[in-house]
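Visitor: Same order as they appear, the protein sequences are chains A and B.
Residue numbering for the first sequence follows this note's numbering, beginning at 8 and increasing consecutively.
Residue numbering for the second sequence follows this note's numbering, beginning at 7 and increasing consecutively.
Be a bit skeptical, because a hint or two may be false.
Stated by the list, open to error - If you only want the chain A side, here are some residues facing chain B, beta carbon under 8 Å, derived: (1) E90; (2) L106; (3) P198; (4) P281.
Hints listed in this document are in silico derivations from the structure and should not be mistaken for laboratory results.
Glycine is no exception: its CB is placed at the ideal position from the N, C-alpha and C atoms.
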Amino acid sequence: MRLAGLPIALGLILLANLVALAGVWRNSAGQADATLDLTERELRLGPIRDEDTGISLRLSWNVSGAPEFYLQATWLGKAKLEELGFDCSVPPSNPSAELFYRKARRRQTYAVLEQEGPAWAQWIAAEQKRLEAMAQEVARQEKTPRDLESARNGFEISRRTMSRLFVVDLGNDPASLRERHPDRSRFALTPAVVRLSLNTYPPDRPELVGHISEILIDEIHVPRGRRAYLDRIREEELRQRDSASAAPQSTWLPGEAQGPRYRVTLGFGRRYEPWVDSVDPLEPVPESPLLPAPAGVDTGAPRR
Amino acid sequence: MKAEAQRRADRIRAFREELRELEAQGVLALTAEQRAALLAHHDERLRELARLFDVDTTEAQKSLSWGMRIASFLGALAFCAAAYFFFYRFWGHLSTSAQVVILIAGPLAFTLATHYAARLERTLYFASLAALLALACFVLNLAVLGSIFNITPTPNALLVWSAFALVLAYAYGLRLLLAGGILCFIGFMGATTAGWRGIYWFTFLERPENFIIAGLLVFCVPLLVRHPLHPEFPPVYRLVGLLGIFLPVLILANWGESSYLLLDDEVIEGGYQVAGGLVLSSLAIWVGIRKGWGEVTHLSCSFFVILLFMKFFDWWWDWMPKYLFFLILGLAAVVILVLLKRLRALTLRRAS
Chain A
8 MRLAGLPIAL GLILLANLVA LAGVWRNSAG QADATLDLTE RELRLGPIRD EDTGISLRLS
68 WNVSGAPEFY LQATWLGKAK LEELGFDCSV PPSNPSAELF YRKARRRQTY AVLEQEGPAW
128 AQWIAAEQKR LEAMAQEVAR QEKTPRDLES ARNGFEISRR TMSRLFVVDL GNDPASLRER
188 HPDRSRFALT PAVVRLSLNT YPPDRPELVG HISEILIDEI HVPRGRRAYL DRIREEELRQ
248 RDSASAAPQS TWLPGEAQGP RYRVTLGFGR RYEPWVDSVD PLEPVPESPL LPAPAGVDTG
308 APRR
Chain B
7 MKAEAQRRAD RIRAFREELR ELEAQGVLAL TAEQRAALLA HHDERLRELA RLFDVDTTEA
67 QKSLSWGMRI ASFLGALAFC AAAYFFFYRF WGHLSTSAQV VILIAGPLAF TLATHYAARL
127 ERTLYFASLA ALLALACFVL NLAVLGSIFN ITPTPNALLV WSAFALVLAY AYGLRLLLAG
187 GILCFIGFMG ATTAGWRGIY WFTFLERPEN FIIAGLLVFC VPLLVRHPLH PEFPPVYRLV
247 GLLGIFLPVL ILANWGESSY LLLDDEVIEG GYQVAGGLVL SSLAIWVGIR KGWGEVTHLS
307 CSFFVILLFM KFFDWWWDWM PKYLFFLILG LAAVVILVLL KRLRALTLRR AS
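This is chain B alone, in the form it adopts within the complex:
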């Protein structure tokens, strides 16, 4: 809801700027009465949106909001580190039962804090900070419980953390928690896939292919589940899901030995370079443009460029003079720019 309100406020601000421009060029001239009525109407709408949803109504406010978001994220990271080190600093002086009580109380307290922060403050900066701390404390809770009682490690903890983060994300509309929950889920899926047929589950990090199916599933979630209450969530699913596909492909395109496939390393690397670098990223760029998913287009373009530059480095860095290498890099960037420009022109023609 807040995202929708913010979009409305942005539209009003853009409309005002365009109106000023049109009046300056003499294309449109409103009477003084019309202008006053329009301004009053927009002022009233903006005040209402700010009162109900605490949206940013000016460019300066928007910049400040970004600063607050970054401060909130960094603050949460620092608090998580503080909670971790605080516990390890004192846990040796506590009895086992006291350790367990503190470990359980931590996530419970910060979950309650998230709830009350979300009720008191509509911008959700403090709620987001408290929710991240709740997740960090919950991770610490189960991990340390495993250490205290010498429990055999299990991937199920990743599923529990994922469920917890997703519940907080959907309850309070927190995108950062959604991303955390999805990452834990991808980790769980990777570990479960690796753990089939008695394989030691913790080796899931050694085989990047474990994550591709999970990434694909996550990418498809917004197609299967509508998000009318959280329209800002589908881009997060697409972004994290695509990362779950692109990162393994990037690794396999450079280190074929980490693949499940019983093929020569060079064949695997070549296959992933073509399949991932060319086909997959081109397809994703096309889908992103066609569906209007900006995040998909941006990430796919970045992935394509990174993969290309990494391969250039592999092929030419050792034997090519450095000036020539960077010259080719620059030329490649120009070629990509030209291609993207043509693509942009094509979409503009279609839109018109």
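Bound conformation, chain A alone:
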């Protein structure tokens, strides 16, 4: 065994690497399954780790039709969950439903990511509608002007900084998902994990809801040849962090005051695994003031 052991062990190492690299080659060979143009809003620089010289970007995403970022979409109900393979045979009102669904396991499936499409437009429209309704509540003195101002500022910050990448669909068959979402420059498919829960509120109408637990590959490595600009940003951030005379903290996250600092072209291959095609700097946008209050509404700000 000792004589055979050495070549077998060496062969195993080489074979495992060969299989892994063949998979990488197969993923990136030929035409990409999708190519998305994203910015810092969707791909954020990972945290600075002193002992790690690598750079990765973290995918930031939302779920379409999910109010208030709960990642619980209205379209991800019983029918979709059954389509994904969850056993939903016990009616939610059944006394044994609580135990049955508490034991349900998370399932791996495919998610469709949409970049700056109808889901993003719907989110903006819904938020604007909410603000209009709130303005009417202020007029009826059911809410204070300060509430409205705070909500408007929150919306404005989200509108300028939030990721425009939305999960718009889920399915176990990537081919049929691609048929439903054929635009490869807007929709990308990626492995994701979904869990199920029983929503018991309101108590008289319990229902099954799905949640997207995670996008499996949400931390994307940036190879050395494409990270020059990100290195400059990182160095700047490190300088700021170490500087004793650092500017006071702004309400914006780093790099967001003047808009996103870089654009990333992200390719998705035949195995739905992503890679960074390019990273380019974006021109800074002058910081615009937050939205003014609607005419006739007292914002509670001090008068001159």
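With chain A held as given, fit chain B onto it using these hints.
Guide: Relative to chain A, chain B alone:
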């Protein structure tokens, strides 16, 4: 082979001690010639065993060997951490192809180092250290390759690591690598069981029952496969296999919500306490005594005591005065001692 040689050396040392005792009590008296011949014969055998297998021929040597084993294990852990942090410290400055070459070269180099260390040194301390490093580098290799190319995580990596560790273990007779390989295999089996029917495989850690079948399989390996070249391996299989069964049972006996079973948590916990705590550990203690598997008996006794004490804590800690709680704990230990003593007396009667 080395284990067999070590057992022979231990027998010779024990025989000499007993002979001294018998002569001191006047039970046995060898002539000077007989004693000299016996001593010369044993000295010659011990020298031969030490030359061929580097066995410990004195108690002091044996203690030192244990120290060396511990130092070798801790050294290997430190080297593994060094390799991990070294790579992350510099990988950002390397091109992708250089990263891949270094990642593949690491396990290859340490596998070769294991081979040459095993050829040069019969005690295998350095070979064991190099083999652990080879395994750590191989784990790093596939894990980092996954990060560099954004590969979807797969449980198959656990199978590959397991196969690699087992090959090194059998090639060079390394028990630590055997244990590592078995653990990876149990992990792979657990993940594969969990991954059936589209369940996300990484949730295998949330359901301890996934490991019980794998643990049972591992426990049975020495019954199905003979180990004439590695007589020290079957206890490792039994020990790790039993851990693969006992640990999930211990968890389920306390946290029933992590079970697959569609039953009330308290029913599940009670079931595992009875099935695992009483039936399983008693059965394992009995099998261990009957077959002479010391490791099975020791682990089963420990498991039984831990489970019992954990339940005592659950039941009584909150409302019972602390002095009473510890008093009951002490009394329970005495009861266990009495039971084990009776069991011991029973086995002695049978042996006589």
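Visitor: If a hint holds in the structure, say so; if it doesn't, say that too.
Guide: Do the hints match the structure? See the list:
| no. | hint | verdict |
| --- | --- | --- |
| 1 | E90 | violated, 12 Å |
| 2 | L106 | holds, 6 Å |
| 3 | P198 | holds, 5 Å |
| 4 | P281 | holds, 5 Å |
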